[in-house]
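Undergrad: Now for the letters of each chain:
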Amino acid sequence: MTAAAHRTGHAAGRTGPPRTRSVPDRVRSLLLGLTGLVGFGLLLEVLARTGVVPARYLPPTSRILTELVDSAASGTLWAAAGNTVLTWAIGLGLAVAAAVVLGLIIGSVPLLRAATASTIEFLRPIPSVAWIPAAIVLYGPVRAGTLLIVVYAAFWQMLVQVLHGVVDVDPVARDTARSYRLGPIARVRWVVLPTALPYLVTGLRLAATVALILTVTGELFVGTPGLGAEILRASAGGAVATTYALVVVTGLLGVAANLAFRALERYLLSWHPSIRREVPA
Amino acid sequence: MRWADRSVALLRWLLLTATLPTLLVVIWWYASRDSTHFLFRPLSDIWAAFRQTWLGPRLVEDVLPSLSRLGQGYAASLLLGVGIGVLIGLHRTLRALVEPVLEFLRAIPPPALIPLIGLFAGLGDTRRVVIIIAGCVWPILLNTVEGVRAVDEVLTDTCRSYRIRGPRRLYHLVLRSASPQIMTGARQALAIGIILMVISELQRTDRGIGYAVEEFQTSFRYAEMWSGVIMLGLLGVALSLLFRLADQRVLRWYHGVRATEKGGRQ
Amino acid sequence: MKRKLAASLFITALLVSAACGGDNGDGGDGDGQATNGGGADTVTVGLIPIVDVAPLFLGDQQGFFADRGIELQTEFAAGGAEIIPGVQSGQFDFGFSNVISLMLAQASGLELQAVANGNSSTGVQGEDFGSLMVPVDSPIQDPAELEGATVATNTLNNIVDTIVRASVRKAGGDPSTIEFVGVPFPEMEAALANGDVDAAFPVEPFQTLIRTNDVGRSIAWSWVDAAPDLTVAVYFTSGRLAQEDPDLVARFAEAMAEALAYANDNPDEVRAILPDYARVSPEIAAELTLPTWPPEVNRASLEQLGELAVQDGLLSEPPDLDALVP
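Taken in sequence, the protein lines are chains A, B and C.
Converting from the first sequence to my numbering requires adding 1 to each position, the first position being numbered 1.
Converting from the second sequence to my numbering requires adding 201 to each position, the first position being numbered 1.
Converting from the third sequence to my numbering requires adding 930 to each position, the first position being numbered 1.
Simulated from the structure, these hints should not be mistaken for laboratory data.
Each hint should be verified, as a subset may be incorrect.
[What the hints assert, rightly or not] Label pairs and their calculated CB-CB ranges:
(1) B:Ile228 with C:Glu1237: 29 to 37 Å
(2) A:Arg50 with B:Gln449: 48 to 56 Å
(3) C:Glu1226 with B:Gly325: 39 to 47 Å
(4) A:Thr77 with C:Asn1194: 31 to 39 Å
(5) A:Pro55 with B:Gly325: 17 to 25 Å
(6) B:Ile228 with A:Ala257: 27 to 35 Å
[Stated by the list, open to error] Among chain C residues calculated to face chain B with C-beta under 8 Å, some are:
(7) Ala1011
(8) Ile1014
(9) Gln1018
(10) Leu1034
(11) Ala1035
(12) Leu1040
(13) Thr1085
(14) Leu1086
(15) Asn1087
(16) Ala1121
(17) Asp1126
(18) Val1240
The C-beta atom is built at its ideal place from N, Cα and C for all residues, glycine as well.
If we strip away everything but chain A, and leave its shape as in the complex, we get (with noise of 0.2 Å):
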């Protein structure tokens, strides 16, 4: 692997791989963790009802979960959610499948490497949202039109990763893989893609943040059907407490995408040396 793999600890990174903690360590985390999600659930519910946060803006937290609980019930929920994971899931989907592939292309030939730079350097900051008045002419208020948004922002975010993946290839390895003839496919195999998977990982957990957010966006703002939709709807509406019920569950949908991430990131690169910086994007 590359010197940089050897690396002792120096500065910002670690040292060695992750301590693996010991078992009363991580049952008294977990408790702690419980205590913390408790306790800020009981502050909010004494915050609202002694009054000291409006019951208009604040609903107690007991009367969110019982919205959550009936929302799930009558299948609204279901609908709204499944709404937005397969439009996350989709937009997701076609902008890493591209980002993937242009970045091997680009990637591996020096040249287009450098002539690409200044344009995807100038492309990469526009802000998606930017597009959002267009897609609302383009499409109107369907699928197609938040996808436009979220294909946008994380083509780029993975595109970088790649790149930067595909750059990173030791030279020694890469000579080594040349002088035995490897074909460009064994190549990519063998060589780059090990090499590239950290960033390719990170690229993908980065991707799929962005993409999220901007499922929702495009929810709120295009009208897309979703759970951005319905929060929209509820607020318009006056009904704060499934308002918040709504928020719950897109925060419980960003957080079970994180692990499943996290999850993803150990089984893939487990037998990767532990340094894996996220790369100045």
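Knowing the structure of chain A, use the given hints to seat chains B and C on it.
TA: For chains B and C alone, coordinates are given in the frame of chain A:
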């Protein structure tokens, strides 16, 4: 003949940087020249609209307020994020206590919070700045916690044996060590901040870039609308460049160390 | 390591196939072209889910459209800014929009024309489907006192602020000092209650909701102030469809006229159908003030409105009403 080599190198750099963008713009210009489509206006129209709209009074009336709100939100997020992040990062018990709550709060996509923020913060600038903070604070906070946690043990012990305590320790050991990680968080926060700056202005206010682009859309002035999109792109690029400059200044020492480790290869 | 690699590739492939297999047009895009299969033409209409469009649903229920070989498909959108481009691009065959939005679109070069009346003001002071409201405890009694105040309108630089300015002028005030703020209709109640705005112009059902919740009271009826018997909105189509299939357009117009007349004569049935599509509770539906649905567009009122728009700077010249309302 060093100047000849240098000029060749400069020419080469110029060609590489400018060819593709120029090509794309030229193609766009000519492809759209005769466009009668109501939405995809000719680039020449869009360019004229751009000059008229953004190089005039709107620069002060719309762009400045937007940037000012972004600045306020970003600065507040930095203060909050680093401040709370250092606290949490340094105290294991506190961190275990609040971590799940923070993980939950930060997983909520900020746009979903907008209706709720509207309840508390009314219709004015406070609301818009709060929306920006609601999204920007999390990458900074969480990366600060990570950075503080990962301070090198050897350095910590060294500080202890040299009896470096208190504010000096905080600054030289903790903040310095964590700064690359904090900067990573700050970079993510900037991208999110720009998005939220635009979103916070949709549908509610009457001054700002996001508002202007939406206004053009609702009054069917599509050339102006596209010019607004270009303006947002330019702003994004400018802010990104500014950040990179700041990053190079603040983390001069870190980039130097990394360059050495990589054997001079960037 | 091999397995991990295979797993990651597999997941990527899954995502890609989900992308390819997923449907790309949720919510029923609707057929842009009116199909001519087996007798009935399927026609897509872009609507806002508000009280104003009740006659369309009522007429569909009564079979006025089916009688003329038209099968209606409705699509809901947030406002004219979405419906108008939708009609222009062929996503919708017909659309519903307020007349100022159409004038603005025409000024921007879009080719649209009205085919039937949409809905009109009641023409009666004190009883209309929208009014200028202030918080119950506000000291403001008269629109002239709104100088320098903040007024909530649903869309900036559109019909609502135009008519509110007309009210202020009529009461002797100077409307140029008013600060309009964009607030969607459903949120106007909260804005008034919280004191975020000094006044607002809600339409039904929000006008009735604000009144029954004791949050605000009306001080002016701006639809009436702007012009007598004002035509507020119309059903329209693209110039393209009008040229390609004038027969379909004529049939739609006839069906719509019949539906409008029916709605005018049967207000109870209108109130009964509101909860179905507009998320209005039956109690509120029974109380709110309905607009009127005359079968004809009131051209004189549109001319007056056009003049107001020019005066307020929305338009640089009066609209070409011959093209807009043939």
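Undergrad: Now look at each hint and say whether the structure bears it out.
TA: Comparing the hints with the structure gives:
1. Restraint check, B:Ile228 to C:Glu1237: a C-beta distance of roughly 45 Å breaks the suggested window 29 to 37 Å.
2. One distance hint, 48 to 56 Å for the beta-carbon pair A:Arg50 and B:Gln449, holds here, with the actual separation near 52 Å.
3. About 44 Å separates the C-beta atoms of C:Glu1226 and B:Gly325, a value consistent with the hinted range of 39 to 47 Å.
4. In this structure, A:Thr77 and C:Asn1194 meet the distance hint of 31 to 39 Å, their C-beta atoms being roughly 36 Å apart.
5. At about 19 Å, the beta-carbon gap between A:Pro55 and B:Gly325 stays in the expected band of 17 to 25 Å.
6. Remark: the range hint 27 to 35 Å for B:Ile228 to A:Ala257 is contradicted by a beta-carbon distance near 43 Å.
7. Hint status for C:Ala1011: holds, given a least beta-carbon distance of 4 Å to chain B, under 8 Å.
8. Because the closest C-beta pair between C:Ile1014 and chain B is about 7 Å apart, less than 8 Å, the hint holds.
9. Restraint check, C:Gln1018 versus chain B: the minimum CB separation of about 5 Å is within 8 Å; hint holds.
10. Residue-level restraint check for C:Leu1034 holds (minimum Cβ-Cβ distance to chain B is 5 Å; threshold 8 Å).
11. Against a cut-off of 8 Å between C-beta atoms, the interface hint on C:Ala1035 holds, since the closest Cβ of chain B lies about 5 Å away.
12. A cut of 8 Å between beta carbons decides the hint on C:Leu1040: the least distance to chain B is about 5 Å, and the hint holds.
13. At about 6 Å, the closest approach between the beta carbon of C:Thr1085 and any beta carbon in chain B falls short of 8 Å, and the interface hint on this residue holds.
14. The interface hint given for C:Leu1086 holds, since its Cβ lies 6 Å from the closest Cβ of chain B, which is under the 8 Å cut-off.
15. The interface hint given for C:Asn1087 is met, as the beta carbon of that residue sits about 6 Å from the closest beta carbon of chain B, less than 8 Å.
16. Residue-level restraint check for C:Ala1121 holds (minimum Cβ-Cβ distance to chain B is 7 Å; threshold 8 Å).
17. The interface hint given for C:Asp1126 holds, since its Cβ lies 4 Å from the closest Cβ of chain B, which is under the 8 Å cut-off.
18. With its C-beta approaching chain B no nearer than about 15 Å, C:Val1240 sits outside the 8 Å limit, and its interface hint is violated.
The earlier numbered hints that this structure contradicts are 1, 6, 18.
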